[in-house]
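K.L.:
Below, each chain spelled out in residue letters.
There are 2 protein chains.
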Amino acid sequence: MTTVDVKQVVAKHIVSPKGFTAAGMHCGVKHKKKDLALLFSEVPASVAGVFTTNAIKAAPVVVTKETIYDSRTLQAVVLNSGNANACTGKQGLADAKQMQQLVADKFMIPANTVGVCSTGVIGQHLPMEPIIKGIQEIELGDSVEHGVHFAEALLTTDTVMKNTAYTVMIDNKEVTIAGTAKGSGMIEPNMATMLGVITTDAKIDSDTLQTLLAAATNVTFNAITVDGDTSTNDTVLALANGLAGNESLTPEHADWDAFKEAFRLVSQDLAKMIAKDGEGATKLIETTVIGAATNEEAIKIAKTVVGSPLVKTAVFGNDANWGRILAAVGYSGCAIDPTNVFIKIGDEAVVDGGEPLDFSEAYLLEYLKQPEIKIVVDLHVGEGQGKAWGCDLTYDYVQINATYRS
Amino acid sequence: MTTVDVKQVVAKHIVSPKGFTAAGMHCGVKHKKKDLALLFSEVPASVAGVFTTNAIKAAPVVVTKETIYDSRTLQAVVLNSGNANACTGKQGLADAKQMQQLVADKFMIPANTVGVCSTGVIGQHLPMEPIIKGIQEIELGDSVEHGVHFAEALLTTDTVMKNTAYTVMIDNKEVTIAGTAKGSGMIEPNMATMLGVITTDAKIDSDTLQTLLAAATNVTFNAITVDGDTSTNDTVLALANGLAGNESLTPEHADWDAFKEAFRLVSQDLAKMIAKDGEGATKLIETTVIGAATNEEAIKIAKTVVGSPLVKTAVFGNDANWGRILAAVGYSGCAIDPTNVFIKIGDEAVVDGGEPLDFSEAYLLEYLKQPEIKIVVDLHVGEGQGKAWGCDLTYDYVQINATYRS
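Sequence order for the protein chains is A and B.
49 is the number that the working numbering gives to position 49 of the first sequence; each next residue is one higher, with no gaps.
211 is the number that the working numbering gives to position 211 of the second sequence; each next residue is one higher, with no gaps.
Heads up, none of these hints are tricks.
Pairs count within a copy or across copies, as identical chains cannot be separated in the list.
List of simulated lysine to aspartate or glutamate pairs, EDC-like, C-alpha gap at most 20 Å:
#, residue 1, residue 2
1, Lys344, Glu361
2, Lys97, Glu66
3, Lys369, Glu348
4, Lys90, Asp352
These aren't lab readings, by the way, just hints derived from the structure by calculation.
Modelling step: build the complete structure from the supplied sequences, incorporating the hints.
P.N.:
Below is the structure:
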């Protein structure tokens, strides 16, 4: 890890960077809670996006991908929760494009500088009447309250808002990177019903931003899993409006490492918050794999462990069932040597050389009651390392998903 | 499907075919329930086996694979439940070999004609004292009761025994094929904590039997999923002792198709029973995929659908949430055309041309309360077809697995 001077912002929200305004409101897609969010940059911003790998892509994903491929620039993003506008056919595409056009008209900007995101129930047409009215009425601002409303309007079954922000000095100018996201079911990378929006006032071109976002996503958003279901709507958008006044950032820039690290921290904070707030979850599970053949395999193994329903239920039950961890390592499909695996839960080593160790069940019973559980696996195969995050599997996950649509 | 004359046996159990005896008893690995099973053939039998693909293989898997690779013949199989003898290192291997040797000594047969299977908690050493005593005391027989005791002794969190048997005429001689299996968690093909034993009095050499078992496994045992966790212990063994007196079966034999179909039915019955009795399950979900690029992709898509936690919880909640089915098809990684997918739940078409249809929610609410739910997906991509089976995800799955070890 590079040693760089990155500071966490205290009142962290999407409008922390210069020149961004936002809002969130209830328009009527949901019964009562906020369901419409809008982000605006006072100048057109460089943009990067990563999207679901599901072959069934929701209409807003199709529209936003085309939009940013075309314009490489966004000035606004409109988002709704309560309805994913997914599996909605031609009408769905028309509805997503209408959302985009309404925002363009509101600000008198080109439609191809407006991004669209939706999250919520799939397979139902978007109720356009409340959305049209909402877009007309919604009022932007740059206060903490506006940032909070924006974050609230993205939530579906999430129990908490997910906001983070960091500052970093670039060319002796303070640059801010902020992010807001929502989870919390259908979470399996590449990607999952998660929406993420990252804003920064740094100056950076779209191509460089895209490369940075893709790299950060691989080790953060793509390293979390809640239920293994890859959503139709996953989207992370990054907007950089350049208002901090730095020299344009590239990997050759003297302060690149600092910016890169701050950007990774924003992504990682959001990813961990999503995993921790997985549907019904009571605990965050972090698995670190070292000694894998490659970094990619390390992340894959770590994800297999945090994604195993049997590991997840054991953690929920405060059961130090390390055999399930070892079994998950075994079916990850990656290179391992069964006779040379080391596993640690918290500070307690439980397996070494593939053989069970005597360990303190009492310590682990207490440890597993903590809100954040750390598992370390050393494979002694190579130099690859990586982390993944997930959550426990609880009665509430079943309850939420057996009753969500109705 | 070939039209062949295959008859289901009424009192179906592992000792239905000629020349097999079996037993099941409580020896003391578990507190009270039966935990030791033994199968014996009066003559050495051709043998085939399929085993877990998990890189972490339990000791009995390692021992039994080596044994049948070496001898191509088994005369006995000893099985225990309550302890999987997995992740138990060198001691575990020694324990599995001791089980094998004890049975060889009991019947005065070579150790390399004895198979060993274990299922239960992983990561704990097998308590050998009760097993040694049990193997000495257990008494074989060929009554229905003996078959029932054998089946009972395999169960862990299973709620029902899993037995099936069919007869088929080969060379005008009645040939019987019977099977017994256990589930019911850590079920994900290739393979899952499932043990299966298939017996037949047919005459067939080990190589032909192996090819037949592997092919049948691909469309049955490998087409079920309960939780996506691939176990360390999965084993299906097929023993053919030749006592029916038929001419040796090969694909060139006039009655091959009938035998093959009966063998597939035994495998499919066991696989479906395992899926239906998945931990905490209240319903069997069968997904049929047609119009896929290949048969392999059809099975993969069908498995992705029945394996989706969101589909599983929706079925538990009687919610016709077809969007989750379509989303699972989309993330299967297989060739699909999002604009040409057809989906039917029961007799009600819900999606056509990738677009939602008006359908009767009332019908589907009632339909989804049935114990067996059928989903059909037509991809209109090619000629591939296949089926997979799974179960709903319920509160009880969480309860069972959050408290299983302790």
